[in-house]
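Let the hints inform the model, and build the full structure from the sequences given.
2 protein chains.
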Amino acid sequence: MSENIKPVTIKDVAKELGIHHVTVSRALRNTGSLKAETRELIKKTANELGYKPNRLARNFRNKKSDVLAVVVPDLRPYFFSKYISDFIEVAQKEGYSVMIFQSSEKADLEKEIIDSLIGYRVMGVVASVAKDTVHENHFDVLKQEQIPYVFFDRAPEQTKASQILVNNFQGAYDAVTAMLKSGKKRIAYISTNYEHKIFQDRLLGYKQALKDNGLPYLEELVVKGGFFMKDGFDVTKTLMALKEKPDGILAVRDEIGIGAIKYLKENGIRIPEDVAVIGFDNDPMGVACEPELTTVDQSVPSMVEGTFDLLLRQIKNNSLNFEKKLIEPKIIFRGSV
Amino acid sequence: MSENIKPVTIKDVAKELGIHHVTVSRALRNTGSLKAETRELIKKTANELGYKPNRLARNFRNKKSDVLAVVVPDLRPYFFSKYISDFIEVAQKEGYSVMIFQSSEKADLEKEIIDSLIGYRVMGVVASVAKDTVHENHFDVLKQEQIPYVFFDRAPEQTKASQILVNNFQGAYDAVTAMLKSGKKRIAYISTNYEHKIFQDRLLGYKQALKDNGLPYLEELVVKGGFFMKDGFDVTKTLMALKEKPDGILAVRDEIGIGAIKYLKENGIRIPEDVAVIGFDNDPMGVACEPELTTVDQSVPSMVEGTFDLLLRQIKNNSLNFEKKLIEPKIIFRGSV
Numbered sequence: 001m002s003e004n005i006k007p008v009t010i011k012d013v014a015k016e017l018g019i020h021h022v023t024v025s026r027a028l029r030n031t032g033s034l035k036a037e038t039r040e041l042i043k044k045t046a047n048e049l050g051y052k053p054n055r056l057a058r059n060f061r062n063k064k065s066d067v068l069a070v071v072v073p074d075l076r077p078y079f080f081s082k083y084i085s086d087f088i089e090v091a092q093k094e095g096y097s098v099m100i101f102q103s104s105e106k107a108d109l110e111k112e113i114i115d116s117l118i119g120y121r122v123m124g125v126v127a128s129v130a131k132d133t134v135h136e137n138h139f140d141v142l143k144q145e146q147i148p149y150v151f152f153d154r155a156p157e158q159t160k161a162s163q164i165l166v167n168n169f170q171g172a173y174d175a176v177t178a179m180l181k182s183g184k185k186r187i188a189y190i191s192t193n194y195e196h197k198i199f200q201d202r203l204l205g206y207k208q209a210l211k212d213n214g215l216p217y218l219e220e221l222v223v224k225g226g227f228f229m230k231d232g233f234d235v236t237k238t239l240m241a242l243k244e245k246p247d248g249i250l251a252v253r254d255e256i257g258i259g260a261i262k263y264l265k266e267n268g269i270r271i272p273e274d275v276a277v278i279g280f281d282n283d284p285m286g287v288a289c290e291p292e293l294t295t296v297d298q299s300v301p302s303m304v305e306g307t308f309d310l311l312l313r314q315i316k317n318n319s320l321n322f323e324k325k326l327i328e329p330k331i332i333f334r335g336s337v
Numbered sequence: 001m002s003e004n005i006k007p008v009t010i011k012d013v014a015k016e017l018g019i020h021h022v023t024v025s026r027a028l029r030n031t032g033s034l035k036a037e038t039r040e041l042i043k044k045t046a047n048e049l050g051y052k053p054n055r056l057a058r059n060f061r062n063k064k065s066d067v068l069a070v071v072v073p074d075l076r077p078y079f080f081s082k083y084i085s086d087f088i089e090v091a092q093k094e095g096y097s098v099m100i101f102q103s104s105e106k107a108d109l110e111k112e113i114i115d116s117l118i119g120y121r122v123m124g125v126v127a128s129v130a131k132d133t134v135h136e137n138h139f140d141v142l143k144q145e146q147i148p149y150v151f152f153d154r155a156p157e158q159t160k161a162s163q164i165l166v167n168n169f170q171g172a173y174d175a176v177t178a179m180l181k182s183g184k185k186r187i188a189y190i191s192t193n194y195e196h197k198i199f200q201d202r203l204l205g206y207k208q209a210l211k212d213n214g215l216p217y218l219e220e221l222v223v224k225g226g227f228f229m230k231d232g233f234d235v236t237k238t239l240m241a242l243k244e245k246p247d248g249i250l251a252v253r254d255e256i257g258i259g260a261i262k263y264l265k266e267n268g269i270r271i272p273e274d275v276a277v278i279g280f281d282n283d284p285m286g287v288a289c290e291p292e293l294t295t296v297d298q299s300v301p302s303m304v305e306g307t308f309d310l311l312l313r314q315i316k317n318n319s320l321n322f323e324k325k326l327i328e329p330k331i332i333f334r335g336s337v
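Each protein sequence line maps, in turn, to chains D and Z. Just so you know, the first sequence maps onto residues 1 to 337 in UniProt numbering. Just so you know, the second sequence maps onto residues 1 to 337 in UniProt numbering.
Bear in mind the hints are in silico, worked out from the structure with no lab data behind them. Hints are all accurate, no fakes.
Straight-line C-alpha distance at most 25 Å; calculated PhoX-like pairs for lysine-lysine:
#	chain 1	residue 1	chain 2	residue 2
1	D	Lys-131	Z	Lys-82
2	D	Lys-230	Z	Lys-330
3	D	Lys-262	Z	Lys-82
4	Z	Lys-111	D	Lys-82
5	Z	Lys-106	D	Lys-93
6	D	Lys-106	Z	Lys-82
Treat the numbers as computed from the prediction; the structure is a model and nothing was measured.
Right, here's the structure in full:
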């Protein structure tokens, strides 16, 4: 065919009908669930416009690949880099290769990434969403292309996709209970400024543990730090400046907890005698400090295994399921409690 | 065209001539440097076999994408996760999206990844090679497809590709010199069991610093640990069991150095009075321990900037260059020296 004739594309058909091009592609490929009338209308329009399915392109699109995609908000936190490394190990044993993307905690970038995955012919997607991702509309394109996806650790608040989450409520609840059992009476809570549900759940667990032990919830003991050691250091300074000081601190990240430990030690406050500290994540960093940090472990290996299992079953059955798994966290006791 | 006629592909032409299909594709697209006779022979054979360039496929192949690929051996070490996060920030400002791959320190997996990049139409590749990657043959396919690539931190020993490396010799040299200046006389060296050149260079820097200060190189003071804190803890135990104990330790990774600090403290050995410790990487973990770990900083930001600069110039000039940049490391002094 001549280099000058521009062939009619699926996008042209979609434009003509004012519908999404993936819907057109589904109709022309007879895939997905689509009203018969819609499918016919699309095919009719495609013919009228002179659309010719490009065989190579179609084989390309239909070709089974062995690629899985992992999308995370940030590669730096130990939890995510450890998760990905473990996931790749498991995937390779099953003969899959893995491509990784970082949304940098931005929902719009996350959307771009998800859109791009269609072109890469991935067999499945595993994602932990950005802090400002509330709905999962930008994942619909995967559904439309019948690409299975599973959320891990962080899922959109309403989703009909499979997901494997940590019981964050229980993790915080158990951590507070442990400090109260050790004789503490004023437990402070240091969060990040991220609004994501996993942090809300941890706060709820904190509140519930106080309630169940007949203790009041005190605004002054709940502070928001940033994400890192320095932030934990600074907010702990604020907490220890209170007229009635806390005798226990629950930090939503180990790095924040280590920052707390550093402030306490620099100011001659004994850990755990004067103030106990517990973090979240079981970051190896928690073993570097002294005393070593007691932490809520989210069992990355079982989360990886669970994600892979949820994903693989959908790939093998060639169907999209909705399953929800909850990982029960475990407290790892070290010197700080 | 009918769904039944199987069109002649580039691979068919390649098979006919017994040459690599990318060579055929280059000849037919008049790209790359290729002997005129070869190019003509390939075109002649293609015509004889009835090869018709598929326009869509060709546009697809020639289409400028905005995707860059980063390939690292392991995502868990802070150096790599920090590098990638920073690289993505810079790339986004320039309008590029980034896909990430982990070779898990395996050269064969690295090869698979590089091969797959062709299909993803990446504009450029940034790679730090696996510990057992010595030659760069498996990167040639990028050259053939005229996809620019830059090595950072770890490059194959012989390469004609652009690269940005850290002056590891100097980093180790300066670290040892700093401990000698502080009055130490028996500096031990803890390495990993990785044979990669970056670790060999650090050992050479260690040896040279001893020599320039009139000190002997003693086998018993040079030990190989693993990669993590526990390993540093264990080998330090071995070192401190020597009849003549070291009064300084250079570890090739901060995690190993922190393991050393933990052993020393648990055994009442004062840091830095009795034994000074210096690590490599400027891992935030080094600030978690006490005393805080003095470290050789490899300046991730300037390495990211340098890599991106080397890559972007090749992309914009649409040419592959060979440039070598060396980053001069800087010692960050903390409590352990």
